[in-house]
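Asks: So the chains spell out like this:
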Amino acid sequence: GAGVSQSPSNKVTEKGKDVELRCDPISGHTALYWYRQSLGQGLEFLIYFQGNSAPDKSGLPSDRFSAERTGGSVSTLTIQRTQQEDSAVYLCASSLIGIAYEQYFGPGTRLTVT
Amino acid sequence: AQTVTQSQPEMSVQEAETVTLSCTYDTSESNYYLFWYKQPPSRQMILVIRQEAYKQQNATENRFSVNFQKAAKSFSLKISDSQLGDTAMYFCAFMRYSGGGADGLTFGKGTHLIIQP
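Just so you know, the protein sequences line up as chains A and B, in that order. Residues in the first sequence are numbered from 1 upward in steps of one, following my numbering. Residues in the second sequence are numbered from 1 upward in steps of one, following my numbering.
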């Protein structure tokens, strides 16, 4: 079956612009996670959605970062007023709840802020 | 808060050898899982193996097995009969869970494993 998909695969943007990154989870997966992978910071958890519950935003690095999940499926991560330190690979993962909580990852979006 | 430490930034072994990657973690939680993920140059994160903390038996998946020492908070990965396709970054990860769901993964910094022909 189809895995987690993310778009775009690469995004180059100018400092100060807003960007939107999209994640399509595996059909039926109720939990969705965003992570950031950078050379300096490694892999960091950003935000977690589960069903209709309020998202866990504890990992978002600043208020320039936000995310939403519409209809319990597709999620969009938005970064406003991008900075050079936002350059990283943004990974999305989804999982079922209660099935060992295994997270399945998408291929990521490489964001470059110039 | 949890921490995960991988003390080997890079390892290199010959094909067909056995290699062990180290991971230690620190937590006060009772309910958690531990995972090893593989990330080849393609960037796709692939789950290698998982271990439930409440299980004493070490998990195995074909050539991959773990040595889980709960009291020592140690979770090493052993790869037997290593293959060229095992070349990748390997990440150890911790996840807390409860009846309401699971937290995001906490990752170690990774070990770059190189299998030499």
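No wet-lab data here; the hints were simulated from the structure. Just so you know, these numbers come straight off a predicted model, no measurement behind them. Just so it is clear, CB atoms sit at the ideal spot from N, CA and C, and this is done for glycine as well. Any given hint could turn out to be false.
[To be verified] Quick list of simulated restraints, FRET-style, between CB atoms: (1) ALA72/B <-> VAL12/A: 24 to 34 Å; (2) GLN44/B <-> GLN41/A: 29 to 39 Å; (3) THR78/A <-> GLY85/B: 29 to 39 Å; (4) GLY85/B <-> ALA2/A: 38 to 48 Å; (5) THR114/A <-> ALA71/B: 29 to 39 Å; (6) GLN80/A <-> SER28/B: 12 to 22 Å; (7) ASP18/A <-> GLU15/B: 46 to 56 Å; (8) GLY51/A <-> SER28/B: 39 to 49 Å; (9) THR20/B <-> GLU102/A: 42 to 52 Å; (10) ILE114/B <-> LYS15/A: 28 to 38 Å; (11) ALA71/B <-> THR13/A: 40 to 50 Å.
[As the list claims (entries may be wrong)] Here chain B is said to cover these stretches of chain A; the calculated rule only asks that three of the stretch's residues, wherever they fall, bring their Cβ under 8 Å from a Cβ of chain B: (12) 17-26; (13) 50-64.
Asks: Are the hints correct? Go through all of them and say.
Replies: Against the structure, the hints:
| no. | hint | result |
| --- | --- | --- |
| 1 | ALA72/B <-> VAL12/A: 24 to 34 Å | violated, 46 Å |
| 2 | GLN44/B <-> GLN41/A: 29 to 39 Å | violated, 20 Å |
| 3 | THR78/A <-> GLY85/B: 29 to 39 Å | holds, 37 Å |
| 4 | GLY85/B <-> ALA2/A: 38 to 48 Å | violated, 24 Å |
| 5 | THR114/A <-> ALA71/B: 29 to 39 Å | violated, 50 Å |
| 6 | GLN80/A <-> SER28/B: 12 to 22 Å | violated, 36 Å |
| 7 | ASP18/A <-> GLU15/B: 46 to 56 Å | holds, 48 Å |
| 8 | GLY51/A <-> SER28/B: 39 to 49 Å | violated, 27 Å |
| 9 | THR20/B <-> GLU102/A: 42 to 52 Å | violated, 23 Å |
| 10 | ILE114/B <-> LYS15/A: 28 to 38 Å | holds, 36 Å |
| 11 | ALA71/B <-> THR13/A: 40 to 50 Å | holds, 48 Å |
| 12 | 17-26 | violated (count 0) |
| 13 | 50-64 | holds (count 4) |
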